[in-house]
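Using the sequences provided together with the hints, build the complete structure.
Each chain is listed here by its residues.
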Amino acid sequence: MKRYEMIVIGAGPAGLSAAIEAAQSGLEVVVFDENEWPGGQLFKQIHKFFGSREHQARTRGVKIGQNLLEAARGIGVKVVLGATVLGIYKNKEIAVRLEGEVRNCKADAIVIATGASENMMTFDGWTLPGVMGAGAAQTLMNLHGVRPGKKILMVGSGNVGLVVSFQLKQAGCDVVAVVDAAARIGGYGVHAAKLARTGVPFYTSHTVVKAVGAEKVEGAVIAEVGADFTPIPGTEMPLDIDTVCIAVGLSPMSQLADNAGAELVYDPAKGGYVAALTDEGETSVKGLFCAGDVAGIEEASSAMIQGKIAAAAAARDLGYITAADFETKAFGYKESLAKIRAGMFAPGNKGRTDIVQTDEGYPLSESLLARGFLSDAEAAAFPAAGIGGGGGGPRPVIECTQNIPCDPCQDVCPKGCILVGDNITALPQIAGEKACSGCALCVGACSGQAIFLVNETYEDGYGTVGLPYEFVPLPQKGDKGRALGRDGGELCGAEVVEVRAGAAMDKTPMVVMKVPVSEIARARFFRPESEGGI
Amino acid sequence: MRIEKHPIIDDYGKGRLVCFSYNGDEAMGYEGEPVAAALKAMGVDTHRYTVKRHEPRGIFCAIGRCTDCVMIVDGVPNVRTCMTPLAEGMAVETQDGLRKAGEAHEAL
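Residue numbers (my numbering), protein chains in the order written: chain A, 1 to 534; chain B, 1001 to 1108.
Please keep in mind that the hints were generated in silico from the structure rather than gathered at the bench. Since we're looking at a predicted model, the values are computed, not measured. Be aware that a few hints might be false.
[Stated by the list, open to error] Label-pair restraints from in silico Cβ distances:
1. A:G226 with B:R1002: 41 to 49 Å
2. B:T1067 with A:E335: 39 to 47 Å
3. B:P1077 with A:G226: 39 to 47 Å
4. A:G478 with B:G1032: 36 to 44 Å
5. A:T353 with B:G1075: 20 to 28 Å
6. A:G386 with B:A1087: 56 to 64 Å
Glycine included, C-beta positions come from ideal geometry on N, C-alpha and C.
The following block contains the structure:
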């Protein structure tokens, strides 16, 4: 029987990070993944990640996946695809199905990094072709270049629902509505806001009642829900859609940990049953670790760090690194993990509805939570989002109003105009005395697409608003169209006077539109005349 | 239904365009992409009908978990089309219960 020093199950962010860490310490590592493609869900994540530089913030998930794969291959990690781990026996022996046959192999340490599966919900018509997981839609469009449908209803407003909705728009689909049974949008406000300003309506306290159609989805009915989350009769509303995407959470795939005899605990904050883990990620079975979503639903950024901690602990236990070396590594990793686990959306705050203000004491935007966009009055109240008091020339307006772990704006500004501080969940502030050069790096770097470059003194009576625009076709200088507000409603005529799309923007071009000065505090999106829509 | 131009993704790394058959008709898709993706691009939504109630089913999870998208591929039933790479000359057929569409089978 083949024996490895470490077997990693799952070639996603946690698994690959664990494998790289272990190989760096000198272990012989193999990674098994049942898929034909490595990277787990990373290659579907075409958006820029949050966090700090150490978490690869403002790097797109797909690029992080490529980097991990290259690093793994570079250091001699063996990644075996199409290899389904069927079970884990005593003494860390596993059965893996590969090329139609089942083989057994053994390891001194095992890291389970099997990730999570999508939760589903049932309703009339939920089995019709055209109802699918949000992850399925993401797989079709981002991996395979095929639109899942034309007109989409998204069910669920957590980060998955919001991010996939935006990606559906990028793929050229029409997102007709985002519904959520909760009264508040579950994901980051900035993710909701970048959808809302393109005109996507949010229906909180609503659910899908049924999907209609004989052979496939030809429409759906949504309805408002009461406090008990059941539909209120008389509030039904038909929607003209052909696809329903379900994004109602993820569940850890703990089956292998269970099968191996590890003690499981039920933890709603982690998404369901997970192995009971030490702070090094070790289960109750010595030498068996869990990392990533299988240990509790979080972001890929924390999964990568968890993988490293587990692998470092295994390397120590197997004598490859000293206890002191481990402590040094683990200290750094845990600090990094704590940074990204902070803020309003931290794992410990999951499901909380009682957070009413930011750490700084600003009242949270109720409009953002309920409808996906800041009201004009609310926007003005935040430290970096207000207009007015500015002199001539461009300056950033940052509509970042919730404590999320992220600081690329501060990181990229060459003039030091933007201050977040060491606590990366703090709201950004504008350093009043520093002069913005109008370089637009912050517009491209903001993973939430929440930064606008505003100039009140463009020409007599007119100002400009520079906005992130990740759609095709990219408007060109001279294009005319309409300026849209934060709610996606048309405000006024607008003309594109500049487009910044250089490599430094990393595919988040800035479109600068000229609007009357009276509208620059409200105009946040551009709809080309030629399209009448995206 | 294919995405011609995307703001972020320049290249989907598709293989060459190949012919396959869908319920006996000639069809085209890219070699190596999942059969399900090729069918979706053609506008095919129904992959199979259920055994007991004869209800249509299509792509649901797209990552090989749910088995809703199974079809008869090269004569083999219950093949997960979301996980099966398309190959030239492949014969893909709608699955009716446990058999081919139109082929009678005994009540289970």
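| task | Check each numbered hint against the structure and report the violated ones by number, ascending. | result | Hint 5 contradicted; others consistent.
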